[in-house]
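Following the hints, position chain B against chain A.
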Amino acid sequence: MNYPCRILRTGFENAYFNMGLDEAVLDSVASGASLPTLRFYGWKPRAISLGYFQGIRDEIDIEACHGHGVDIVRRITGGGAVFHDAELTYSIVIPEGHPLAPLSILDSYGLLCAGIIEGLKELGIKSEFSPINDIVSGGKKISGNAQTRKKGCLLQHGTVLIKVDVDEMFALLKVPKEKALGKMIADVKERVTSLSDILRSEIAFEDVAAAMEKGFARALDLDGLEDSPTQAETAKAKELAETKFSTKEWIFKR
Amino acid sequence: MKIESIGKPQGCKLLRITADLSEPLGEASSIESISIRGDFFAVPEELFEAAEARLIGTKLANLSTVFDGLMSEMGVQVVGISGPGLLSTLKRTIDELSMQDPANRL
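Chains A and B supply the protein sequences, listed in that same order.
Start counting the first sequence at 3; every next residue gets the next number (the working numbering).
Start counting the second sequence at 5; every next residue gets the next number (the working numbering).
If we strip away everything but chain B, and leave its shape as in the complex, we get:
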């Protein structure tokens, strides 16, 4: 299922996420594709893009730690974006979807 999220979680700049998630939506959903856009900083920029691609296959339950781990492992210095920030932005959208369809509850 394709979802579009926008948010400004605590400690983050504006984040926009477009992601394809396996169904049913929940902590066990896997990321099938993801695009992270926004006002944040990540240096080197090109390595962030490589890390973004490596999020494919990650389960939502692990997104926060996997993202932070990748940034650390790949030596990407980030400001205005974090694993918890990404997860909370996605979760809020999924929660909103679950209001329409309880099967999507995270």
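Only chain A is shown next, with the shape it has when bound in the complex:
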């Protein structure tokens, strides 16, 4: 059984539009106007996305972000803060009740993260799911994922680190020492790795996207249809970017 799925490659956009488009696609799938959708994208300018329940001042050095030209946005999903620099982001939207959307959040992380693990395998990288919502390679985090359920749909988005400047990342994020607890790694800076670190060579965004598309198709048995966002989705994404995701009320919500 192949599951029909729309594939979107929407290139590099700003943080507010990116989060707006994920929500617009969720609306569109929820209404039945669009197929389940897998989207790949990047961030320009670079940005930090905060988890829904995180306190902005707890997690981010706001002044440092301004100094580094890094935008800040709050996601509609929980989870931790992510520095979106040299990385690939994906989002997948599936109606609840679909075989790929188990009721349990934990179960669905395991199921959907298999797409990333298969994608990494395409690139010659061995990795494994690390509950609750991470993928690790060689014991270090290479992918973080976050999920919500709204309007009868599951939305999961996540990242694959292509290259990481750990010092810059930790200059922008306030990562407490408690974060390393239970990870068998004393220094939080040692927790992350990237494709470039593992492969010891540069790899292009497009090549990573292509590998992940193959990985998701294989792991989730998707019958992918390359497409573009509809006019309605793009219009809604712009509206959400302006009226929600870029507003102080939303970003400083907590």
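One should not assume that every hint holds.
[Unchecked claim] Only some residues are given here: those of chain B computed to face chain A with a beta carbon under 10 Å:
no. : residue
1   : Lys17
2   : Leu18
3   : Arg20
4   : Phe44
5   : Val47
6   : Glu49
Hints listed in this document are in silico derivations from the structure and should not be mistaken for laboratory results.
Using N, Cα and C, we set each Cβ at its ideal position, and we do this for glycine too.
Showing chain B alone in chain A's frame:
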């Protein structure tokens, strides 16, 4: 008394709690205000915020069961946060405060 707690209890993601607790600090302390932040997941998110507000007036001794009961009653699916996790995070801070002032012992 306002306290700030941070912790990563077993089975939980990073939790940050800011709470006003009635004095003297102890199991009979009531929550006068509370803000729960962190890396956890709670779906639907908006209902979690409503549940958080309903923790006001809860005694610390009952926090764990009240929180878990609210999540269940309101249909909030949580991952990376729990009643026992919240309580142990707060307790650790209160224990640290009690080292400075034994009157705050929980």
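So, against the hints stated earlier in the document, which numbers end up violated here? When the structure is compared with the hints, none of them turns out to be violated.
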